[in-house]
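Can you build the whole structure from these sequences, using the hints too?
There are 2 protein chains.
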Amino acid sequence: MFTNSMPRYEILSPEAMATLDRGWRRIVSELGIEFAKPEAVEMFKAAGQRVDGEKVFFDPEFVLEQVAKAPSQFNIQARNHANDVIIGGDNMVFSSVYGPPFFRRGDVRREGSMDDFRDFAKLAQSFKAMDSVGGVVVEPGDAALDSRHLDMLFAAFTLTDKIVMGNVVSEINAKDTLAMGEIVFGGRAAIEETPFCINLINCNSPLRWDDRMLDSLMEYARAGQPVICTPFLLMGAMSPVSIPSALAQQIAEALTGIALAQLVRPGTPVVFGSFLSNIDMQSGSPQFGTPESGIGLLATGQIARHFKLPFRGGGGLNSSQVPDAQSAYESMMTMMPTFLSGTNFVMHTAGWLEGGLVSSIEKYVIDVQILESLQHEFTPIHFDDEALAFGAHEEVGHAGHFLGAMHTMERFRDCFYRPFLSSSDNFERWTRNGSKDTAVRAAEIAEKKIEEYEKPAMDSAMEQELLEYVNRRRTELGD
Amino acid sequence: MFTNSMPRYEILSPEAMATLDRGWRRIVSELGIEFAKPEAVEMFKAAGQRVDGEKVFFDPEFVLEQVAKAPSQFNIQARNHANDVIIGGDNMVFSSVYGPPFFRRGDVRREGSMDDFRDFAKLAQSFKAMDSVGGVVVEPGDAALDSRHLDMLFAAFTLTDKIVMGNVVSEINAKDTLAMGEIVFGGRAAIEETPFCINLINCNSPLRWDDRMLDSLMEYARAGQPVICTPFLLMGAMSPVSIPSALAQQIAEALTGIALAQLVRPGTPVVFGSFLSNIDMQSGSPQFGTPESGIGLLATGQIARHFKLPFRGGGGLNSSQVPDAQSAYESMMTMMPTFLSGTNFVMHTAGWLEGGLVSSIEKYVIDVQILESLQHEFTPIHFDDEALAFGAHEEVGHAGHFLGAMHTMERFRDCFYRPFLSSSDNFERWTRNGSKDTAVRAAEIAEKKIEEYEKPAMDSAMEQELLEYVNRRRTELGD
Numbered sequence: 001m002f003t004n005s006m007p008r009y010e011i012l013s014p015e016a017m018a019t020l021d022r023g024w025r026r027i028v029s030e031l032g033i034e035f036a037k038p039e040a041v042e043m044f045k046a047a048g049q050r051v052d053g054e055k056v057f058f059d060p061e062f063v064l065e066q067v068a069k070a071p072s073q074f075n076i077q078a079r080n081h082a083n084d085v086i087i088g089g090d091n092m093v094f095s096s097v098y099g100p101p102f103f104r105r106g107d108v109r110r111e112g113s114m115d116d117f118r119d120f121a122k123l124a125q126s127f128k129a130m131d132s133v134g135g136v137v138v139e140p141g142d143a144a145l146d147s148r149h150l151d152m153l154f155a156a157f158t159l160t161d162k163i164v165m166g167n168v169v170s171e172i173n174a175k176d177t178l179a180m181g182e183i184v185f186g187g188r189a190a191i192e193e194t195p196f197c198i199n200l201i202n203c204n205s206p207l208r209w210d211d212r213m214l215d216s217l218m219e220y221a222r223a224g225q226p227v228i229c230t231p232f233l234l235m236g237a238m239s240p241v242s243i244p245s246a247l248a249q250q251i252a253e254a255l256t257g258i259a260l261a262q263l264v265r266p267g268t269p270v271v272f273g274s275f276l277s278n279i280d281m282q283s284g285s286p287q288f289g290t291p292e293s294g295i296g297l298l299a300t301g302q303i304a305r306h307f308k309l310p311f312r313g314g315g316g317l318n319s320s321q322v323p324d325a326q327s328a329y330e331s332m333m334t335m336m337p338t339f340l341s342g343t344n345f346v347m348h349t350a351g352w353l354e355g356g357l358v359s360s361i362e363k364y365v366i367d368v369q370i371l372e373s374l375q376h377e378f379t380p381i382h383f384d385d386e387a388l389a390f391g392a393h394e395e396v397g398h399a400g401h402f403l404g405a406m407h408t409m410e411r412f413r414d415c416f417y418r419p420f421l422s423s424s425d426n427f428e429r430w431t432r433n434g435s436k437d438t439a440v441r442a443a444e445i446a447e448k449k450i451e452e453y454e455k456p457a458m459d460s461a462m463e464q465e466l467l468e469y470v471n472r473r474r475t476e477l478g479d
Numbered sequence: 001m002f003t004n005s006m007p008r009y010e011i012l013s014p015e016a017m018a019t020l021d022r023g024w025r026r027i028v029s030e031l032g033i034e035f036a037k038p039e040a041v042e043m044f045k046a047a048g049q050r051v052d053g054e055k056v057f058f059d060p061e062f063v064l065e066q067v068a069k070a071p072s073q074f075n076i077q078a079r080n081h082a083n084d085v086i087i088g089g090d091n092m093v094f095s096s097v098y099g100p101p102f103f104r105r106g107d108v109r110r111e112g113s114m115d116d117f118r119d120f121a122k123l124a125q126s127f128k129a130m131d132s133v134g135g136v137v138v139e140p141g142d143a144a145l146d147s148r149h150l151d152m153l154f155a156a157f158t159l160t161d162k163i164v165m166g167n168v169v170s171e172i173n174a175k176d177t178l179a180m181g182e183i184v185f186g187g188r189a190a191i192e193e194t195p196f197c198i199n200l201i202n203c204n205s206p207l208r209w210d211d212r213m214l215d216s217l218m219e220y221a222r223a224g225q226p227v228i229c230t231p232f233l234l235m236g237a238m239s240p241v242s243i244p245s246a247l248a249q250q251i252a253e254a255l256t257g258i259a260l261a262q263l264v265r266p267g268t269p270v271v272f273g274s275f276l277s278n279i280d281m282q283s284g285s286p287q288f289g290t291p292e293s294g295i296g297l298l299a300t301g302q303i304a305r306h307f308k309l310p311f312r313g314g315g316g317l318n319s320s321q322v323p324d325a326q327s328a329y330e331s332m333m334t335m336m337p338t339f340l341s342g343t344n345f346v347m348h349t350a351g352w353l354e355g356g357l358v359s360s361i362e363k364y365v366i367d368v369q370i371l372e373s374l375q376h377e378f379t380p381i382h383f384d385d386e387a388l389a390f391g392a393h394e395e396v397g398h399a400g401h402f403l404g405a406m407h408t409m410e411r412f413r414d415c416f417y418r419p420f421l422s423s424s425d426n427f428e429r430w431t432r433n434g435s436k437d438t439a440v441r442a443a444e445i446a447e448k449k450i451e452e453y454e455k456p457a458m459d460s461a462m463e464q465e466l467l468e469y470v471n472r473r474r475t476e477l478g479d
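Residue numbers (our numbering), protein chains in the order written: chain S, 1 to 479; chain P, 1 to 479.
FYI, nobody ran anything at the bench for these hints, they're computed from the structure. Source: prediction; values computed, not measured. Positions of the beta carbon are idealized from the N, C-alpha and C atoms, including for glycine. Careful, some of the hints might be misleading.
Heads up, incomplete: computed chain P residues facing chain S, CB under 8 Å, no partners named [claimed, not checked]: (1) Gln-287; (2) Ile-295; (3) Asp-324; (4) Ser-373.
Each computed SDA-like pair below joins lysine to any residue, with the alpha-carbon atoms no more than 20 Å apart [what the hints assert, rightly or not]: (5) P/Lys-55 with S/Glu-394; (6) P/Lys-55 with S/His-401; (7) P/Lys-436 with S/Asp-107.
Now the structure itself:
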C-alpha cells in the first residue's frame, strides 16, 4: 500500500481554524442536527443531549468526547492479507468510482450491467496501485434491485482479493454484507477483531442524517466495521456559497455522525468524510475539479488531522462528458490536492466521468496512470552524497551526454517512473502506430488487462458457501 | 498581475539543502564551467578565478558574492503600464510557449508561420491571465531566417501591449531587440531605468555556456535587461539520472551564468532558470509532466528562494501528440507544482504540445483554462464569522437547499469561479450542442477570440518608426 511521507500542504491559519471551530459549535448547539431514526435520537438523549423530535442539540464538548473514542488509525483486512490496508496516518488507500448508473466505453453510453461491474473488478484487481474495486463501481441495471448487492459483493469477493466496501442501501444489505464477510473471514468474532469492509454513510446535507443511512451506520458500527461519515456538500445547493461556511457545516455533520457511531460502539473505526464541491450557479449543474473543491480538500485534510481522525476525500472527479482534456485536468485538479492533503481513503480514484453519472473504462485506465504518477511524485527521494553522482559529472565533463555513462548504465532500468499509458513517441512513430489518442490507448490497455486477468485463488468450499448464501438470500428477497 | 499568497510547498530538508550545497560547490570548483567566449573567461580571470582555456574554476564564495548583487525582485515595463509586471517575491508572471517549429490546429500539423505567430499574439493579448506572448511562440518558417526576429518583435509590440521576451539567437538579434525597445519606451536611458524585456539564456548543459547565448547574455546585461539563466536538463541526457545530482548541476550552471551577468553589470536583474525533466531511458525521447519533473520544480523553487533569486520554471509541459487527456494531466502535473513552488516567471504556460515541438491553438486555450482555475485556487479565502454565514443555515435549516437563500441570492454571480471552457452540461444538452469535446470547444473559443480581438492603441508615429526600423534592418541583413 502507498504511504505518503511527503509534507502536508496546509492552508488554514490558526485564526481560520478558530473561526471554523466557532462555526461548527454554533451549528450543532443552536440549530441542532436531525437524526431520522428514533433509536439514534434516544441514544443521544440518554447521553444527556437535548432533543426535540428528530433534532438533537449538541453540547460540542460531548461531541468531542465521543470523537476522541475513535481510533486515529485502523486496519482493514483483505482476503489476501498482502492487500490489507491501514486507514489513517500517512497511509493512502485508493478505491474505484462509486455509484454511477451509466457505463461508457468509446462512443457507447448505456445503463451499467453486472458484466461491466465484473470488468471493473478485474481492472481493480489487475492494477497494483488500486486497493479496492470499491462498492458500487457501476450500478448493474440488469440485476434485480433488491438482490444486486449480493451479486456485487460476490463479484468483489471472488474476482478480487483486495478490500471491499459494504453495501449501505439498507439495514438488510448491511446485514448481508456482514454475513458474506463472515463466510470469507471466518465468523463474526474475526471480522469484529479486524474489519473487512469500509462503508460510506452520506449525510442528507444540510444537517440531517436519514433513516436508511443511519440503519447502515448502526449496523456496521455494531459489527465494528468502519464507517465514513460524509457530508454531501455541493455548495450553493446543500451548503451556503461560502467555503468557510461549508467547512463548518461539514465538521458539524461529520462529527455528529461519528459521535453516533461511538455511542453505538465506543472505538468504532470511523473516517471523517468529505464530498465537497459546488454547483454552477447559472445552470444548477454540479461541478467537479473546481478551484473551490481543491481548496476544500486541502482544508478538510487539515481539519481531520486536527480532530485526529482519518480522512476521506478527493479522487478523479470531473464534470466532463468524455475522457478528454477536461476530464483529465479536472481530475488532476482534485487528485493533486488529494495527495497534498494526505487523504487516507480515496473514493472515486478511477473511472469517474460526467459528474459521477458514468463509469468509464477509458477513464479508469487514465486515472490509474495519474494515480501511479502521483504515487511516484509523492515518494521522497534520498539526498546524500552518493545521489550527487559526482563521478558521473567527472566522467561526462562539459557539453557531453550521460546516456552511456557508467552511473546511467547501472540505473537506467528503474531510475525514472515509466508510464504505461502516456506516450512520448515522436510524431512519425505515433502516426505509424495509428494516431491513437489517450482514450483509444486506454481502451486497448483495459481490454488487454481484462483479457489477461487471472482470478485470484479462493478455497472452493468458501466460494460455494458464498454462492449458496447469495442464491438463498436472493430467493428470500423475492428476486 | 497574479500574486500567490498561498503557502509554498517545500520538500527539501535542511540536510538535503546542505547536500546540494556541497554538490554545486564541488562542481564549480573541481570540474569548472566552460564559457565559450574569451571575453567572459577574461572577466572571470580578472576577478581572480582560475581559468584553463574555456574552463573557469570557481571559488564558490566568489560566485555567491556575485549572486548577492542581483536584485531579489525587479520590474519589467509593458507598453501599457497597466500590464507592467514584477518578477520575484510572491508574484507570478505567465508567458506563452516558446520555440516550437510546428503549429497544430485540429488535425492539421505543419510548419509555423508569421500568421500563426500573430494569432497567438492576439490570444495572449485577449486572455487577461496571460502576461506575455513571450518570445518565439511559434517559429515562423515562412519568414526569412535572419530577419524573422524583427517580424516577431514587431508583431509582439504592435499586436500586444504586454511585456515581451527578447530574441537571443545572436548578439545582432539582441541589439535589434534593444533598438526596438528604445523606440517603444523612449530611448536607452529609459530601458536601462526600467527593463522592457526578459531574455532566455540556456546553458549547453552539462557545464557549458555557448558563445551565442553568452553574446546575448552580455548584450542584455549591459543594457540592464533581465536574463533567465537556465540549465537545460533532461535527466539521462544532459544530467545524471538522479534528481539530487541534476539539482546540484542546475545550481552550478545557473549561478555561474548569473555571476557573469553581475560581472558585466552589477545589479543586472536575473532569474534562476530551470528546465528540468527526464528522457525515456528506453527510447531516448524527452518526457514532460513526469513525477521527476514535478519534484524538480518543487525543489528548484526552494533552492532559488535560498539564493534570494526570482525563479523560472514549470508551465504546461507535456509529451502528448494531441490536446487530449494526456496533454492535460501532464500539463497539470507541471502547472500545479508551478503554483505550489511560487514560480515567478512561467514560460510555456500555454500552447505547448508534443514535447515542445508543436504550438497548438487548442492547447493554448486549454492551458489558459487551467491557469485561470489555478489562479483562483491559489487565492487565499477570507475566514471570518461573516464567511461562516450562520444566517444562511438558520434560514435553510435541515435537508433544505440553499439555491434561493438570501445569502446565496446576494452572492451567486461571483461566489464561484466560472470556467470558460470546461462544460458541466448534462449529457442531453451536451449531445444537442454537437457532442463537442474539450479540444473542439477550445478551437471555437480561439477562433472567436481572434475574431473579436482588438488591436491595442499605439501612437502612429511610433508604429511607423518601428516599421521603418524593421524594414531598414531587413535590408541590411540581406533579406
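Evaluation of the provided hints:
1. The criterion of a C-beta within 8 Å of any C-beta in chain S is met by P/Gln-287, whose closest approach is roughly 5 Å, and the hint holds.
2. About 6 Å separates the beta-carbon of P/Ile-295 from the nearest beta-carbon of chain S, less than 8 Å, and the hint is met.
3. With 8 Å as the threshold, the beta carbon of P/Asp-324 comes within range of chain S, its nearest partner Cβ sitting at about 4 Å, so the hint holds.
4. Because the closest C-beta pair between P/Ser-373 and chain S is about 5 Å apart, less than 8 Å, the hint holds.
5. A distance of roughly 14 Å separates the Cα atoms of P/Lys-55 and S/Glu-394; the hinted pair therefore holds under the 20 Å criterion.
6. Between P/Lys-55 and S/His-401 the alpha-carbon distance is near 18 Å, which keeps this suggested pair within the 20 Å criterion.
7. Among the hinted pairs, P/Lys-436 with S/Asp-107 is consistent with the structure: their alpha-carbon atoms are about 13 Å apart, no more than 20 Å.
Every hint, counting from the list given before, is met by this structure.
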